[in-house]
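Engineer: If you read the sequences in order, they're chains C and B.
For the first sequence, our numbering begins at 1 and goes up steadily by one.
For the second sequence, our numbering begins at 1001 and goes up steadily by one.
Read the hints as simulated data drawn from the structure, not as lab findings.
Be a bit skeptical, because a hint or two may be false.
[Stated by the list, open to error] Pulled a few chain C residues facing chain B out of the computed Cβ check, cut under 8 Å:
1. V194
2. I195
3. I197
Glycine included, C-beta positions come from ideal geometry on N, C-alpha and C.
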Amino acid sequence: MNLQFVVDGLLTGSMIGLGAIGVTLTYSILRFSNFAHGDFMAWGTYATLAVVGAISAMFGKVSPIGSLSFGWPLIVALVVGMAFTGLLALLLDMVLFARLRRQGQAIIVVMASFGASMALRSLLEFIFTSRPTYFSRAIQIAMPLGFGVRITPDQIALLLLAAVLVVSVHLIMTRTQTGRAMQALSQNAALARVIGIDVAKVVRVTWIIGGALACVAGVMIGILIQIRPFMGFDMLLPMFAAAILGGIGSVPGAVLGGLIIGLAEASAVQLIGAEWRAAVSFIILMVVLFVRPIGLFGFRER
Amino acid sequence: MSEPVLAVRDLEAGYEPGVPIVRGASITVNKGEIVVVLGPNGAGKSSLIKAVAGLVPISRGAVLFDGKDITAAPAHTMVHRGLAFVPQTENVFPLMSVEDNLKVACGILKSRESPARIAEIYATFPDLERQRKTAAGNLSGGQRQMLAVARALIVHPKVLVLDEPSAGLSPKFVAMVFEMLSAIRKSGVTILLVEQNAKAALAIGDRAYVLVEGKERHEGVAAELWNDPVVAELYLGQRPKSAGKAVPFGKGSAA
C-alpha cells in the first residue's frame, strides 16, 4: 500500500485544523456558527496575493528561499494578510454581527453570516474574477521519504508553520491572561463579566486570532493547490466537522479533528475513490453528532 | 460603623421591560457590616443584588457605591470599583483548574502582584492549594463555594455581595461557609448577603431586611429579627400557595 495519503492527509488536515480553530473559538465565545469563516480564508489569501504583487512591483523579482517556491515577499505578505483578515473579521463583527447579537437571537446571526459569506465571495469574484490563480507556477521536486512517500519543501515548511501556530495559540489560550479570559467567557459569560472581564475586548481578540489563522490556512491552500474565490467556502464543511469532532471550544480538539478528517479524506481517496472525498467530512460529522455530540474534548453544556 | 458604603434607592429592576421583579427596594449597607436580605421565594432577593452587580437591567432608582452613582454600570467594571459579586450557582469556571479560576480573576491587578496575591489566598484557604490542579467542576459543593468566595476576594473588594452562599450545601459546609464569612468581615470587608437559611445568616449578620414582592418590608437588627413576629408574618403570609417548597421562617423552630 502506498502511504502517500498520510502526507496528503496531514497537509489537508492542518489546513482544516487552522480554519477550525477560528470556527470553534467563534462558536464557543460568540455562540454562533460563522458561515463566513471560509470566506475569511479566501479574503486573506487574495490580500496576501495582492501584497505579494505590490512587493514584486516595488522590488522586482525576488529569488525563492532555498528550494521553496516562494521568497521573503510571501512571508511579509502573509503577515500583512493575517493582520488584514483579523481586521476584516473585526469590521464585519462591528457593522453586522455585534448589532444582531444585541437582539439576542443566535439564528439571526447565523443567517447573517451566511449572507455575509455570499457577499464576501461575490465581491472577490468581482474584483479578482473566478479564474483560479497561483502564488507560483514553479514546479517543485518532491523528495522521496521512503515507503513510496514523497514530500515537497513547501509542504514541509507549511506543516512546520501550522505546528508552530497551533502550539502558539494553545499557549496563548492556556498561559496568558487573555487566553484565560477567553476560556472563562466560553464557559460562563455572566460570571466572566462579574469577575471583571471586558467581553467586548475578548471578542475582539477572538476575531483577530480566528481571522489571522483563517488567512494562514487559505495561503496554505493557495501555495499547495490554487487560489479561487470559492476556496474557503469549500472548506466550510470539513472545518465545522473538525470543530465539532474535536469538541466545540477546544483548540487542540479542532486541530486533532482537522487532522483526523484530513487523513480520512486522503485515505478515502486512496482506498475508495476520489469521488468520495467530499462525503467523508459529512459522514464523520453525522457519526459524531449521533455517537458523541460533545466531541473528543468537548464538555456538556449546562 | 455608620458610614454607608452601598446604598440602593427606590430600585426597580427586571429581566424584561415592563416586568419589574424588584419594585422600589431601598437598602443601605454601612462600612464593616454584614447585612442580610431575607424573604420568601420569588421575592426578588437575587434580582436585587444582581441588579446591583450590573447583571439585571435597572428601570428606575439608583445604586450608590462609595459615594458614586453606579446605577446600571457595566458588570465588568464593578470589581474595579471594589464591589465583588458571588453568584449562587455556576459560580466557578468548571473546566478550568482551581488555580486558573483564581488567576483569571487577577485581570485587574498588576501582573507582578498576582502570584503574591494567589499565595495569600492559598494561605487563607489551604484546601484550595491542595486542589490547585483540580478542575473546578470536580470540586465538592462546599469547596466550589470556597473557591468562588476566594476568587471574589482576590481583588481586595470593599464590599462582597453573595447570593445564597449556603444553597445546596450539607449542614457541615453551611457552618463552614458562615464561619468563613464572619472571618472575612473581621478582615475588614463589608458583606451583603442574600439567604434562605435565615437562622444561620441572622446569627452572623448585623442588620437584616425582609424583601417581599420586590420591596423591603421590614428592617432590623439581625439578632432581634429572628424572634420578630412581623417577620414570620411576612414570610408565611406571602408564601405563594403553589410553592410547596418555600422555606417557612425558621422551619417552625421559632416565631
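Engineer: Confirm or reject each hint.
Structural biologist: Hints versus structure:
1. V194: With a minimum Cβ separation of about 5 Å from chain B (threshold 8 Å), the hint on C:V194 holds.
2. I195: holds (4 Å)
3. I197: The hint holds - C:I197 has a Cβ within 8 Å of chain B, the shortest such distance being about 6 Å.
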